[in-house]
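Assemble chain P onto chain C, guided by the hints.
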Amino acid sequence: EAQVTQNPRYLITVTGKKLTVTCSQNMNHEYMSWYRQDPGLGLRQIYYSMNVEVTDKGDVPEGYKVSRKEKRNFPLILESPSPNQTSLYFCASSLSRGTPLHFGNGTRLTVT
Amino acid sequence: GQQLNQSPQSMFIQEGEDVSMNCTSSSIFNTWLWYKQDPGEGPVLLIALYKAGELTSNGRLTAQFGITRKDSFLNISASIPSDVGIYFCAGQLEQFYFGTGTSLTVIP
Numbered sequence: 022e023a024q025v026t027q028n029p030r031y032l033i034t035v036t037g038k039k040l041t042v043t044c045s046q047n048m049n050h051e052y053m054s055w056y057r058q059d060p061g062l063g064l065r066q067i068y069y070s071m072n073v074e075v076t077d078k079g080d081v082p083e084g085y086k087v088s089r090k091e092k093r094n095f096p097l098i099l100e101s102p103s104p105n106q107t108s109l110y111f112c113a114s115s116l117s118r119g120t121p122l123h124f125g126n127g128t129r130l131t132v133t
Numbered sequence: 019g020q021q022l023n024q025s026p027q028s029m030f031i032q033e034g035e036d037v038s039m040n041c042t043s044s045s046i047f048n049t050w051l052w053y054k055q056d057p058g059e060g061p062v063l064l065i066a067l068y069k070a071g072e073l074t075s076n077g078r079l080t081a082q083f084g085i086t087r088k089d090s091f092l093n094i095s096a097s098i099p100s101d102v103g104i105y106f107c108a109g110q111l112e113q114f115y116f117g118t119g120t121s122l123t124v125i126p
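From first to last, the protein sequence lines stand for chains C and P. According to my numbering, the first sequence is numbered sequentially starting from 22. According to my numbering, the second sequence is numbered sequentially starting from 19.
Keep in mind that the hints were calculated from the coordinates and are not lab data. Among the clues, some could well be false.
[As the list claims (entries may be wrong)] Below, simulated BS3-like cross-link-like pairs (lysine-lysine); rule was C-alpha separation at most 30 angstroms, straight line:
{"no.": "1", "chain 1": "C", "residue 1": "39", "chain 2": "C", "residue 2": "92"}
{"no.": "2", "chain 1": "P", "residue 1": "88", "chain 2": "C", "residue 2": "78"}
{"no.": "3", "chain 1": "C", "residue 1": "78", "chain 2": "C", "residue 2": "92"}
{"no.": "4", "chain 1": "C", "residue 1": "39", "chain 2": "C", "residue 2": "90"}
{"no.": "5", "chain 1": "C", "residue 1": "78", "chain 2": "P", "residue 2": "69"}
{"no.": "6", "chain 1": "C", "residue 1": "39", "chain 2": "C", "residue 2": "78"}
[Unchecked claim] A partial selection of chain P residues facing chain C, derived with a Cβ cut-off under 8 angstroms:
{"no.": "7", "residue": "59"}
{"no.": "8", "residue": "60"}
{"no.": "9", "residue": "61"}
{"no.": "10", "residue": "118"}
{"no.": "11", "residue": "121"}
Quick reminder that beta carbons are idealized off the backbone N, C-alpha and C, glycines included.
Excised from the complex, chain C in its bound form (with noise of 0.2 angstroms):
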């Protein structure tokens, strides 16, 4: 089945844990990219990659950074997490920049 996998689902930290959360993707797609989900703000996005080893700042870029070592995966690295992190974060991949976005199911972040 097609699909974008993120883990964890849900997870709960404190102020300047460092914390990672998986993005996987069996589409072989090459466009990759993390949102934010906020009440009120809709999905913002935070970094975009267009293959392997390219990667580029979204809108919110600030406090995060991600990694695109391989075609298949696309993590989002909290260095420092701060409680203004607390949100809903999505992952998506589409064949290309451009062509809708499929999104994974979601991660929770609670940051204490």
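Chain P in isolation, oriented as in the chain C frame:
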């Protein structure tokens, strides 16, 4: 980022009624997408629109790419309880920009 104004914010309707929602922007978009998000899950693509004036259906759902390329509309006919969820529009320039969603509640 780009601002997409989606309305209404929420709707409460009786089962069997038709539903209309729309998205507008000050920017001209190349593509419009409509997604549905169920509680605890990620958005799922419903309809994709690629040119101005295009009208596309997916079962009871019909969406249109506005002639000005600054807006799009989604209609759901004869609503059923499983239509409940949040509907998002997305407009594409170099990336996709998302509306803030329309929350739909269907009363049996």
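A quick look at each hint next to the structure:
Pair hint residue 39 (chain C) plus residue 92 (chain C) holds up; C-alpha atoms about 24 angstroms apart against a cutoff of 30 angstroms. Note on residue 88 (chain P) and residue 78 (chain C): the hinted pairing holds, with a Cα-Cα distance of about 25 angstroms set against a maximum of 30 angstroms. Annotation: proposed proximity of residue 78 (chain C) to residue 92 (chain C) holds, straight-line Cα distance about 18 angstroms (limit 30 angstroms). A distance of roughly 20 angstroms separates the Cα atoms of residue 39 (chain C) and residue 90 (chain C); the hinted pair therefore holds under the 30 angstroms criterion.
Note on residue 78 (chain C) and residue 69 (chain P): the hinted pairing holds, with a Cα-Cα distance of about 28 angstroms set against a maximum of 30 angstroms. Among the hinted pairs, residue 39 (chain C) with residue 78 (chain C) is consistent with the structure: their alpha-carbon atoms are about 20 angstroms apart, no more than 30 angstroms. A hinted interface residue such as residue 59 (chain P) counts as satisfied when its beta carbon comes closer than 8 angstroms to some beta carbon of chain C; here the least separation is about 5 angstroms, so the hint holds. With 8 angstroms as the threshold, the beta carbon of residue 60 (chain P) comes within range of chain C, its nearest partner Cβ sitting at about 4 angstroms, so the hint holds.
Checking residue 61 (chain P) against chain C by beta carbon gives a least distance of about 5 angstroms; that is within 8 angstroms, so the hint holds. Because the smallest distance between the Cβ of residue 118 (chain P) and any Cβ of chain C comes to about 4 angstroms, under 8 angstroms, the interface hint for this residue holds. Proximity of residue 121 (chain P) to chain C is violated relative to the hint, the smallest CB-CB distance being about 11 angstroms (cut-off 8 angstroms).
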